[in-house]
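Visitor: The task is simple: from the sequences and hints, build the whole structure.
2 protein chains.
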Amino acid sequence: MTKNITNFKKILVPLDGSKYSERALSRACEVQKAFDSKIILLYVVEKSFPINLLDRKEYLEMLQKFGERTLKKANEMVLKKGITPKTLLKKGNIVTEIEKVAKNEKCDLIIVGNKGLGAVTRLLLGSVSNKLAQTSSCSLMIVK
Amino acid sequence: MTKNITNFKKILVPLDGSKYSERALSRACEVQKAFDSKIILLYVVEKSFPINLLDRKEYLEMLQKFGERTLKKANEMVLKKGITPKTLLKKGNIVTEIEKVAKNEKCDLIIVGNKGLGAVTRLLLGSVSNKLAQTSSCSLMIVK
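Note that the protein sequences, when read in sequence, are chains A and B. Positions in the first sequence are counted from 1; adding 1 to them yields my numbering. Positions in the second sequence are counted from 1; adding 1 to them yields my numbering.
Mixed in with the good hints, there may be bad ones.
Since the list gives no way to pick out one identical chain from another, each pair is judged satisfied if it fits inside one copy or across any two copies.
[To be verified] The calculated BS3-like cross-link candidates involving lysine-lysine, where the alpha carbons are at most 25 angstroms apart (straight line), are:
1. K92 x K48
2. K11 x K116
3. K34 x K145
4. K48 x K101
Since the hints were derived computationally from the structure, they do not count as laboratory data.
Guide: Printed below as a string of structure tokens:
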């Protein structure tokens, strides 16, 4: 039925550890099952976040650890559904890195949550999804 | 495989007659096939478009005809793929009407094009998708 579909072959799921990105990941797994897509899980350590330079190193290390934990948790959740994802941890501007990975990995769909709580990262994936909606050259699904 | 999925059951596809919304409709058909979803095709006659009051009636009639043609064409395209959609023509603010239909029809996914050319309607579906990304309570797929 879906034999001739050349889309939804590679799905990028940027994570921020929030319940919103977890929900996006659940949807991504459903799309994966339906289209037999590949899944890439991405966590971006946001380097451009304004923070006192003295605390910067410690802060980035904390974010990196949080990112690793987030990816590990997501990886386990996805493996349980019989899907083997690729996981990536990048450092930089979150929107730029998402777009770079989408391009380099030739993704044809990005699935993001509506917004992120990110008590640790303090990043709003919501504003990220808005920026991606405007700038990304790849199709985008915003999960509410 | 997709038996337990309760999402993507009703997809709303707002059309503006542009190639972008045609592409969105193609993707919608693929998602429909994969998830056995219902499809609603919607054209909104944008009433809030600023136009000389003297030309208003004629302009709205023209938009209405264009909308009917757009829905007819999309309906035929979708029928050819073995899908029987519901078609709706509404009048009002395009974002408000999309959200109203999504809510009333209990849609769980809106699929829109990235931007619209809309030589006739002069509406940019692009800005509509950005507004929906921010305000819609329903998941949104922006097709590039």
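Visitor: All hints, please: hold or fail.
Guide: Here is what the structure says about each hint:
{"no.": "1", "hint": "K92 x K48", "verdict": "within (6 angstroms within a copy, 46 angstroms between copies)"}
{"no.": "2", "hint": "K11 x K116", "verdict": "both (22 angstroms within a copy, 23 angstroms between copies)"}
{"no.": "3", "hint": "K34 x K145", "verdict": "both (20 angstroms within a copy, 22 angstroms between copies)"}
{"no.": "4", "hint": "K48 x K101", "verdict": "within (15 angstroms within a copy, 40 angstroms between copies)"}
The earlier numbered hints are all upheld by this structure, with none contradicted.
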